[in-house]
Amino acid sequence: MGSSPLKPPRGTRDFYPEEMRARSWLFARFREVAHRFGFEEVDAPLVEHAELYQRKAGEEIVDQLYHFELHDRHLALRPEFTPSLARMVIARQGALRFPIRWFSIPQCWRYERMTRGRRREHYQWNMDIWGEPSVSAEAELLAAIFTCADLLELPRDALRVRLNSRALLEESLRGGVLRDRPEAFAPLCVIIDKLDKVGAASVQEQLADAKGPVGLSAGEAEDVVALLSVKDLDEAKRLAPERSEAMAELERLFELLDHYGDADRVAFDASVVRGLAYYTGVVFEANDTAGELRAICGGGRYDRLAETLGGKPVTAVGFGFGDAVIHELLADQGKLPELPRRLDAMVVALDEGQRDAAIALAGTLRERGESVELATGTPRLKRALTDADRAGAQRLYWIGAEERERGVARARDLATGEESEHPLEGESEHPLEGESEHPLEA
RNA sequence: GCGUUCGUAGCUCAACGGGCCAGAGUGCCGCGUCGUGACCGCGGAGGACUGGGUUCGAGUCCCAGCGAUCGCCCCA
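Residue 40 in this note's numbering sits at position 39 of the first sequence; the count goes up by one each step and never skips.
Just so you know, these hints were derived from the structure itself, not from any lab. There may be inaccurate statements among the hints.
[Said to hold, decoys possible] For lysine-lysine, the following DSS-like pairs were computed, each having C-alpha atoms within a straight-line distance of at most 30 Å:
id: 1; residue 1: LYS198; residue 2: LYS232
id: 2; residue 1: LYS232; residue 2: LYS195
id: 3; residue 1: LYS212; residue 2: LYS195
[As the list claims (entries may be wrong)] Derived DEER-like restraints, expressed as beta-carbon distance ranges:
id: 4; residue 1: ARG182; residue 2: ASP235; range: 24 to 32 Å
id: 5; residue 1: GLU206; residue 2: LEU340; range: 48 to 56 Å
id: 6; residue 1: ARG253; residue 2: ARG369; range: 48 to 56 Å
id: 7; residue 1: ALA291; residue 2: ASP414; range: 39 to 47 Å
id: 8; residue 1: GLU19; residue 2: ASP235; range: 44 to 52 Å
id: 9; residue 1: GLY370; residue 2: ASP64; range: 48 to 56 Å
id: 10; residue 1: GLY370; residue 2: GLY418; range: 24 to 32 Å
id: 11; residue 1: LEU337; residue 2: GLY312; range: 37 to 45 Å
id: 12; residue 1: LEU340; residue 2: LYS212; range: 49 to 57 Å
id: 13; residue 1: GLU246; residue 2: LYS198; range: 24 to 32 Å
id: 14; residue 1: PRO314; residue 2: LEU71; range: 28 to 36 Å
id: 15; residue 1: GLU19; residue 2: PRO183; range: 47 to 55 Å
id: 16; residue 1: ARG11; residue 2: ALA332; range: 19 to 27 Å
id: 17; residue 1: PRO341; residue 2: ARG253; range: 45 to 53 Å
We treat Cβ as the ideally placed atom computed from N, Cα and C, and that holds for glycine.
I would like the entire structure built from these sequences, with the hints used as guidance.
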C-alpha cells in the first residue's frame with residue numbers, strides 16, 4: 002500500500018492562493034533587502050550531481066541527501082544552495098569581476114524524518130559575497146539580515162545574532178591538537194556544532210573517539226569543549242594566541258557593525274561553529290531572543306570551497322535564511338499581515354453579445370497596468386457583484402444591452418456604492434481618456 | 001530510527017461504551033422576482049484516510065499502510 006497520489010508527498014507543502022500570497026509577501030521583503038544592498042538574483046537547477054555534495058566530514062546535510070540514480074547518473078535535489086553557487090562562480094571565474102554579490106531564494110530538499118515544523122522542503126533566501134577577503138563583507142551581510150528583520154517589522158530585540166570565528170578556533174588548536182592533522186578540523190567543527198543538542202559529555206566523547214574522524218586525547222577534547230563556553234570577546238582575546246589574525250578580524254567586524262548601528266544585536270559566542278564542513282572563518286547564526294525556535298538563519302565564511310570543488314581559490318561568505326522559522330516567529334509576534342485577494346477591477350458582459358465591448362474595456366484598463374478580471378462567463382448582475390466583492394475588486398464594470406445601446410459601461414465602486422458611466426471606446430465621441438479617477442501610470 | 005496521541009463534510013469541531021436518517025458552525029451553491037454585492041432569512045449539495053480482519057452488523061474493536069502530532073533525536 003503506497004501513499005495516495007492525491008496527497009502531497011510527506012514533508013512537502015501545497016501553496017494555495019492564500020499561502021502563496023504569504024510566501025510572495027515574504028519573498029518580496031527578501032528581494033527588497035537584496036535590492037537595497039545591491040545584490041543580483043541568480044538561480045540554478047533544483048537537481049544537481051550528487052557528487053557536488055559528497056563531503057566526508059559527517060555532516061547531516063550530506064546524510065540526508067534526497068538522491069536517486071537515473072540512467073547511470075547519481076543525482077540529488079539540492080539540500081542547500083552554496084555548492085550550486087560555487088559551481089556557477091567557478092564556471093565563469095575568469096570573467097567575473099570580483100567581488101560579486103548574488104542572492105537567490107531556492108527551494109532546498111532534505112530527506113529526513115518529520116517533526117514539528119520540519120519538512121523535507123523549504124525555501125532558503127541566500128545572500129553571498131564572493132571575492133572579498135575582509136570582514137567588511139560579513140558586516141554587509143549581517144546588516145542585510147537586520148534590515149530584513151526591520152522590514153518585517155519585528156521588534157528590534159526579537160532577533161539576535163551570535164557570532165564566532167572558526168579561524169580563531171583553528172588558531173587555538175593549531176599549536177596543539179591539530180598540529181599534525183589539519184584535515185581533522187572540519188569534522189571537529191561538525192561535532193562541536195552539536196554541543197547544545199547532545200551536551201558537552203557526548204561531544205567530548207565523539208572528539209576523543211579513536212575510531213572517529215578527529216581522535217583527540219581525552220584531555221584535548223576537554224580543552225576544546227572548555228574553549229566553547231566563552232561568550233565574551235575580551236575573554237576570548239585573553240585566550241587567543243598573541244597577534245591573532247582571526248581575533249583582529251573579529252574586533253574589526255564588531256567595529257564595523259557599530260558603524261552600521263547594529264553592534265547591540267550581535268554577541269560573540271564561541272560555541273557557534275555551524276554544522277557545515279566548508280566554513281573557514283567567521284560563522285554566525287540568528288535566533289529568536291526568546292530562544293523558542295530553531296535558528297532563523299545561519300552563515301559564515303567559506304574561503305576554500307571553490308578550490309575544494311576544483312576551481313581557483315576565491316574567498317566567499319554568505320548566509321541562508323529559511324522561510325519556515327521566520328514564518329513561525331512572525332506569527333508569534335503577530336506580524337503576519339492579512340493578505341486578501343485584490344483586484345483593481347472586474348469587467349463583466351451581461352450577455353455574450355457584449356463580450357467584444359467587455360474585452361475592449363478590459364484591454365484598456367489592463368494597458369494602464371490595472372489588475373483586471375474579465376469574467377469569462379455571463380453572470381447575472383447580482384452574481385457579478387458578489388464575485389467582484391469576493392475577489393477584492395475596487396470596481397465592477399458591467400455591460401448589458403442597455404449600456405451597449407448608449408455606448409457606455411456602468412461602473413460601481415464596491416466600497417462606496419457610487420456608480421458612474423464610462424464611454425465605450427469606438428462607440429462614442431468621448432472615449433475613456435476623459436476619466437480623471439484612474440490616471441495612467443507614469 | 002524509536003516511542004506518544006490521533007485521522008468524522010473544503011475548514012474547525014460534536015455525538016454514539018458496534019445496530020435505527022452521523023450533527024453544528026463556517027465555507028460553497030441557489031432563492032428572497034428574472035439588473036445591484038457585503039448584513040439578514042430560507043433552502044441545497046457535501047463526510048467516516050486507505051486496505052484487510054473480527055462480527056448477523058464497524059466510522060466506533062483488531063492489524064497493516066499512508067498521513068499528522070508530540071517527545072526522543074537532529075538540522076535549516
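Each hint, compared with the structure:
{"no.": "1", "hint": "LYS198 with LYS232", "in the structure": "holds, 18 Å"}
{"no.": "2", "hint": "LYS232 with LYS195", "in the structure": "holds, 17 Å"}
{"no.": "3", "hint": "LYS212 with LYS195", "in the structure": "holds, 19 Å"}
{"no.": "4", "hint": "ARG182 with ASP235: 24 to 32 Å", "in the structure": "holds, 31 Å"}
{"no.": "5", "hint": "GLU206 with LEU340: 48 to 56 Å", "in the structure": "holds, 49 Å"}
{"no.": "6", "hint": "ARG253 with ARG369: 48 to 56 Å", "in the structure": "holds, 52 Å"}
{"no.": "7", "hint": "ALA291 with ASP414: 39 to 47 Å", "in the structure": "holds, 45 Å"}
{"no.": "8", "hint": "GLU19 with ASP235: 44 to 52 Å", "in the structure": "holds, 50 Å"}
{"no.": "9", "hint": "GLY370 with ASP64: 48 to 56 Å", "in the structure": "holds, 49 Å"}
{"no.": "10", "hint": "GLY370 with GLY418: 24 to 32 Å", "in the structure": "holds, 26 Å"}
{"no.": "11", "hint": "LEU337 with GLY312: 37 to 45 Å", "in the structure": "holds, 41 Å"}
{"no.": "12", "hint": "LEU340 with LYS212: 49 to 57 Å", "in the structure": "holds, 54 Å"}
{"no.": "13", "hint": "GLU246 with LYS198: 24 to 32 Å", "in the structure": "holds, 31 Å"}
{"no.": "14", "hint": "PRO314 with LEU71: 28 to 36 Å", "in the structure": "holds, 33 Å"}
{"no.": "15", "hint": "GLU19 with PRO183: 47 to 55 Å", "in the structure": "holds, 52 Å"}
{"no.": "16", "hint": "ARG11 with ALA332: 19 to 27 Å", "in the structure": "holds, 23 Å"}
{"no.": "17", "hint": "PRO341 with ARG253: 45 to 53 Å", "in the structure": "holds, 48 Å"}
Of the numbered hints listed earlier, not one is contradicted by the structure.
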